[in-house]
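Engineer: Note that UniProt numbering has the sequence shown beginning at 1, numbered continuously upward.
Where hints are given, some of them may not hold.
[Claimed, not checked] As a list, the in silico DMTMM-like pairs of lysine to aspartate or glutamate whose alpha-carbon atoms are at most 20 Å apart:
#1 K403 - E66
#2 K409 - E90
#3 K50 - D31
#4 K406 - E362
#5 K116 - E57
#6 K266 - D234
#7 K120 - E99
#8 K50 - E108
#9 K314 - E370
#10 K573 - D538
#11 K264 - E238
#12 K732 - E746
#13 K324 - E362
#14 K120 - D95
#15 K60 - D105
#16 K248 - D223
#17 K264 - D234
#18 K406 - E426
#19 K585 - D538
#20 K120 - E90
#21 K580 - D627
#22 K406 - E90
#23 K409 - E448
#24 K724 - D512
#25 K662 - E623
#26 K60 - D538
#27 K50 - D62
#28 K50 - E66
#29 K264 - E237
#30 K168 - E193
#31 K406 - E370
#32 K406 - E99
#33 K403 - E746
#34 K222 - E238
These are calculated hints, taken from the structure and not from any lab test.
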Amino acid sequence: TMASDSPESLMRLCTDYCLRNLEGTLCYLLDNQTLRLHPDIFLPSEICDKLVNEYVELVKTDSVFEPHESFFTLFSDPRSTRLARIHLREQIVQDQDLEAIRKQDLVELYLTNCEKLTAKSLQTLVSFSHTLISLSLFGCCNIFYEEENPGGCEDDCLVNPTRQVLVKDFTFEGFSRLRFLNLGRLMEGVNVESLLRPLASLAALDLSGIQLGDVGFLTQWKDTLVSLVLYNMDLSEEHIQVITQLHKLRHLDISRDHLSSYYKFKLTRRVLTLFVEHLANLSSLDISGHTMLENCTIPSTEEKMGQTSIEPAKSSIAPFRGLKRPLQFLGLFETSLCRLTHIPAYKVSGDKNEEQVLNAIEAYTEHRPEITSRAINLLFDIARIERCSQLLRALQLVITALKCHKDDKNIQVTGSAALFYLTNSEYRTEQSVRLRRQVIQVVLNGMEAYQEVTVQRNCCLTLCNFSIPEELEFQYRRVNELLLSILNQSRQDESIQRIAVHLCNALVCQVDNDHKEAVGKMGFVMTMLKLIQKKLADKTCDQVMEFSWSALWNITDETPDNCEMFLNYSGMKLFLECLKEFPEKQELHRNMLGLLGNVAEVRELRPQLMTAQFIGVFSNLLESKADGIEVSYNACGVLSHIMFDGPEAWSICEPQREEVVKRMWAAIQSWDINSRRNINYRSFEPILRLLPQGISPVSQHWATWALYNLVSVYSDKYCPLLIKEGGIPLLKDMIKMASARQETKEMA
Numbered sequence: 001t002m003a004s005d006s007p008e009s010l011m012r013l014c015t016d017y018c019l020r021n022l023e024g025t026l027c028y029l030l031d032n033q034t035l036r037l038h039p040d041i042f043l044p045s046e047i048c049d050k051l052v053n054e055y056v057e058l059v060k061t062d063s064v065f066e067p068h069e070s071f072f073t074l075f076s077d078p079r080s081t082r083l084a085r086i087h088l089r090e091q092i093v094q095d096q097d098l099e100a101i102r103k104q105d106l107v108e109l110y111l112t113n114c115e116k117l118t119a120k121s122l123q124t125l126v127s128f129s130h131t132l133i134s135l136s137l138f139g140c141c142n143i144f145y146e147e148e149n150p151g152g153c154e155d156d157c158l159v160n161p162t163r164q165v166l167v168k169d170f171t172f173e174g175f176s177r178l179r180f181l182n183l184g185r186l187m188e189g190v191n192v193e194s195l196l197r198p199l200a201s202l203a204a205l206d207l208s209g210i211q212l213g214d215v216g217f218l219t220q221w222k223d224t225l226v227s228l229v230l231y232n233m234d235l236s237e238e239h240i241q242v243i244t245q246l247h248k249l250r251h252l253d254i255s256r257d258h259l260s261s262y263y264k265f266k267l268t269r270r271v272l273t274l275f276v277e278h279l280a281n282l283s284s285l286d287i288s289g290h291t292m293l294e295n296c297t298i299p300s301t302e303e304k305m306g307q308t309s310i311e312p313a314k315s316s317i318a319p320f321r322g323l324k325r326p327l328q329f330l331g332l333f334e335t336s337l338c339r340l341t342h343i344p345a346y347k348v349s350g351d352k353n354e355e356q357v358l359n360a361i362e363a364y365t366e367h368r369p370e371i372t373s374r375a376i377n378l379l380f381d382i383a384r385i386e387r388c389s390q391l392l393r394a395l396q397l398v399i400t401a402l403k404c405h406k407d408d409k410n411i412q413v414t415g416s417a418a419l420f421y422l423t424n425s426e427y428r429t430e431q432s433v434r435l436r437r438q439v440i441q442v443v444l445n446g447m448e449a450y451q452e453v454t455v456q457r458n459c460c461l462t463l464c465n466f467s468i469p470e471e472l473e474f475q476y477r478r479v480n481e482l483l484l485s486i487l488n489q490s491r492q493d494e495s496i497q498r499i500a501v502h503l504c505n506a507l508v509c510q511v512d513n514d515h516k517e518a519v520g521k522m523g524f525v526m527t528m529l530k531l532i533q534k535k536l537a538d539k540t541c542d543q544v545m546e547f548s549w550s551a552l553w554n555i556t557d558e559t560p561d562n563c564e565m566f567l568n569y570s571g572m573k574l575f576l577e578c579l580k581e582f583p584e585k586q587e588l589h590r591n592m593l594g595l596l597g598n599v600a601e602v603r604e605l606r607p608q609l610m611t612a613q614f615i616g617v618f619s620n621l622l623e624s625k626a627d628g629i630e631v632s633y634n635a636c637g638v639l640s641h642i643m644f645d646g647p648e649a650w651s652i653c654e655p656q657r658e659e660v661v662k663r664m665w666a667a668i669q670s671w672d673i674n675s676r677r678n679i680n681y682r683s684f685e686p687i688l689r690l691l692p693q694g695i696s697p698v699s700q701h702w703a704t705w706a707l708y709n710l711v712s713v714y715s716d717k718y719c720p721l722l723i724k725e726g727g728i729p730l731l732k733d734m735i736k737m738a739s740a741r742q743e744t745k746e747m748a
């Protein structure tokens with residue numbers, strides 16, 4: 001089986017269950033509002049870390065999951081709950097949340113893009129100083145700002161009650177164990193050098209997006225620094241001199257986003273040669289986005305022919321021939337070097353082929369959405385034009401990117417487009433249920449977060465790649481709510497409307513009645529009738545019109561509540577108008593009459609069909625040849641149920657009951673008993689109830705004809721159904737009835 005086929009771990013399932021049911025499991029509610037841990041609960045860090053990290057994940061990616069104000073206070077007392085390694089993201093975390101867990105002995109704290117954190121949290125960090133080994137403040141753009149209240153002003157306070165002031169005096173003094181530090185996208189004005197000076201032995205430092213003219217201070221860690229990231233820092237000769245002194249470096253990243261701004265620095269052959277000569281331990285180098293000032297490539301005449309090789313001696317990039325061994329990773333995304341033949345690295349990020357593109361998505365998703373969206377765009381082209389050879393990896397990477405950057409429009413647009421091609425039928429067999437469910441989840445997240453046409457269209461199209469309703473069953477309510485909200489938007493994109501109606505129709509086809517009732521209560525009937533109304537006004541009978549009637553036919557099947565809604569929202573008026581406006585549209589007529597057949601099966605609603613106008617229309621449709629026998633058959637079915645209520649229910653003068661009965665006999669006798677059918681019965685109950693009665697022999701005959709046709713043309717499907725629903729004794733009893741017509745008995 002595939003890797004992703006294994007079920008979720010028990011740990012993961014329990015964590016998820018507890019978080020969704022905190023009150024029923026770990027907690028009780030104090031004064032009906034504050035969550036408190038049960039006093040007899042003691043949890044080790046292995047569990048608490050997972051609870052916190054999963055919680056952040058759920059708040060971020062599951063729209064149904066409600067965050068709790070007091071969640072972090074559950075971990076305030078290390079005597080009952082221990083935290084060691086936690087990863088917090090974005091708006092989910094605020095100053096008071098960190099404050100709540102300040103007594104914990106944290107070893108690893110990642111705060112990624114936590115824009116709500118202010119300088120109050122810097123003070124809280126000090127509480128962890130004696131234990132913290134890893135710290136990331138990536139993208140926490142306000143954490144060095146505090147609010148300053150200007151003293152003793154009267155008028156000015158109203159205009160500007162708090163000013164944001166940069167904290168100048170904070171340093172990592174006392175953080176004696178800190179080894180790994182990420183300050184990516186730190187706000188301007190913070191003095192990085194004095195901030196870091198107290199740290200004795202840094203092993204990894206990330207200064208992405210920070211502009212520093214002088215990095216000489218880095219040499220104080222030349223014997224300990226093994227990883228340095230200077231993404232998007234504009235470099236100079238001085239920077240290179242400093243870097244080459246950091247002789248322990250194993251990972252160096254000087255890549256940049258070539259679209260973001262103008263860089264003076266250009267990479268040369270000499271710089272790459274210096275790296276190779278001075279950084280003997282280098283196993284990972286990223287120079288993505290750089291322009292090479294001169295040609296670093298070996299002339300193709302001197303290139304060793306044959307299989308592509310990762311041996312440094314054969315390298316097509318001249319300076320890398322000096323490497324002692326191939327690099328583990330080489331970042332060449334958006335550089336010309338990635339297209340060369342022999343690249344001395346096990347993993348290369350670039351834009352040359354699928355492998356390089358996937359490596360790029362994998363390497364840059366977390367912190368560089370601007371690069372990732374371009375890499376996903378390349379993957380989209382590969383999936384669309386060629387065939388993806390690493391499908392599972394591609395899917396998982398796109399899912400991760402979409403989850404991680406729910407609010408990044410570029411990633412949502414390119415990611416949702418890529419998903420459409422990665423989930424289509426030719427890849428179907430390679431995908432597990434779990435993976436396909438993850439796709440559905442991120443697609444629905446995208447639809448919820450973006451009212452943007454491209455994202456919505458991509459998401460709807462992707463859903464069409466799934467078996468509906470089966471594969472969407474686990475998110476049934478949510479999918480329907482989303483589609484209805486799309487269809488209820490005032491300004492509508494034709495193509496989205498068509499796909500959404502198609503999906504709605506498929507979702508209510510062949511599902512249980514409680515599903516249909518639930519969807520009816522969401523406003524499904526009303527939405528479809530509005531669409532029909534709009535199309536009528538434009539005098540167009542297109543797929544949207546036909547799908548809408550078809551969806552109404554499906555959703556009213558054995559669901560009286562929905563039938564009643566159809567009548568209450570003037571469905572009959574629309575039926576007559578459509579019939580008049582589109583007399584030639586056979587599919588449309590079939591769908592409309594199928595729906596009315598469902599309405600006529602509900603005894604309490606039949607009196608509303610008893611008007612001279614409706615009965616006249618149904619009687620005339622008995623002669624219709626539209627869609628084979630379907631329209632005539634459905635019209636006759638509607639009338640059969642009305643006749644079944646007996647002569648006393650016939651409250652109109654014209655047309656007369658006997659007259660209509662005669663026309664029904666004539667219609668049934670004109671149908672070919674071996675007709676192939678455009679109809680799907682889930683139950684015979686509405687037909688079978690017309691057998692044991694003498695009040696309307698013609699209804700009995702219609703019911704017998706229907707059963708005979710279905711069990712003879714589709715015997716494998718319908719014989720078992722007839723037996724299961726007790727049809728055999730009913731037919732035997734009818735044969736003995738005096739009131740039944742001879743031809744009905746013969747057919748029975």
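Engineer: State for each hint whether it applies.
Structural biologist: To see whether the hints hold, each was checked on the structure:
Between K403 and E66 the alpha-carbon distance is near 17 Å, which keeps this suggested pair within the 20 Å criterion. Distance hint between K409 and E90 is fulfilled; the C-alpha atoms sit about 16 Å from each other, no more than 20 Å. Straight-line distance between C-alpha atoms of K50 and D31 comes to about 28 Å, which puts the hinted pair past the 20 Å bound. For the given pair, K406 sits about 17 Å from E362 by alpha-carbon distance, which is consistent with the 20 Å threshold.
Our distance criterion of 20 Å between C-alpha atoms is met by K116 and E57, whose separation comes to about 17 Å. Under the criterion of a C-alpha separation no larger than 20 Å, the hint pairing K266 with D234 is consistent with the structure, at around 10 Å. The hinted pair formed by K120 and E99 meets the criterion: a straight-line CA distance of about 9 Å does not exceed 20 Å. In summary, the hint linking K50 to E108 is supported, as the alpha carbons are separated by about 13 Å, within the 20 Å threshold.
Pair hint K314 plus E370 does not hold up; C-alpha atoms about 34 Å apart against a cutoff of 20 Å. Our distance criterion of 20 Å between C-alpha atoms is met by K573 and D538, whose separation comes to about 17 Å. Annotation: proposed proximity of K264 to E238 holds, straight-line Cα distance about 13 Å (limit 20 Å). Between K732 and E746, the direct Cα distance comes to roughly 11 Å. Compliance with the 20 Å bound is thereby established for this hinted pair.
In summary, the hint linking K324 to E362 is not supported, as the alpha carbons are separated by about 26 Å, beyond the 20 Å threshold. About 6 Å separates the Cα atoms of K120 and D95, which keeps this hinted pair within 20 Å; it holds. Annotation: proposed proximity of K60 to D105 is violated, straight-line Cα distance about 26 Å (limit 20 Å). In summary, the hint linking K248 to D223 is supported, as the alpha carbons are separated by about 6 Å, within the 20 Å threshold.
With a C-alpha separation of about 7 Å, the suggested pairing of K264 with D234 holds against the 20 Å cut-off. Distance restraint check for K406 and E426: the Cα-Cα separation of roughly 28 Å exceeds the 20 Å cut-off, and the hinted pair is therefore not satisfied. Only pairs whose Cα atoms come within 20 Å are accepted, and K585 paired with D538 is accepted, the gap being roughly 16 Å. Between K120 and E90 the alpha-carbon distance is near 17 Å, which keeps this suggested pair within the 20 Å criterion.
A C-alpha spacing of about 17 Å is found between K580 and D627, which places the hinted pair at or below 20 Å, so the restraint holds. Between K406 and E90 the CA atoms are separated by roughly 11 Å; this keeps the pair inside 20 Å, and the hint holds. For the proposed pair K409 and E448, the alpha carbon gap of about 13 Å is at most 20 Å, so the pair holds. Of the supplied pair hints, the one linking K724 and D512 holds, its CA atoms being roughly 18 Å apart against a limit of 20 Å.
A hinted pair counts as satisfied when its Cα atoms are at most 20 Å apart, and K662 with E623 qualifies at roughly 12 Å. The hinted pair formed by K60 and D538 fails the criterion: a straight-line CA distance of about 42 Å is larger than 20 Å. Between K50 and D62, the direct Cα distance comes to roughly 17 Å. Compliance with the 20 Å bound is thereby established for this hinted pair. For the given pair, K50 sits about 18 Å from E66 by alpha-carbon distance, which is consistent with the 20 Å threshold.
With a C-alpha separation of about 11 Å, the suggested pairing of K264 with E237 holds against the 20 Å cut-off. For the hint linking K168 to E193, the alpha-carbon distance of about 12 Å falls within 20 Å, and the restraint holds. Proximity of K406 to E370 is assessed by CA-CA distance (about 13 Å); at most 20 Å being required, the pair is judged to hold. Taking the CA atoms of K406 and E99, the gap is about 27 Å. The hint is violated against a cut of 20 Å.
The suggested pairing of K403 with E746 is violated, with an alpha-carbon distance near 65 Å, which exceeds 20 Å. For the hint linking K222 to E238, the alpha-carbon distance of about 16 Å falls within 20 Å, and the restraint holds.
The earlier numbered hints that this structure contradicts are 3, 9, 13, 15, 18, 26, 32 and 33.
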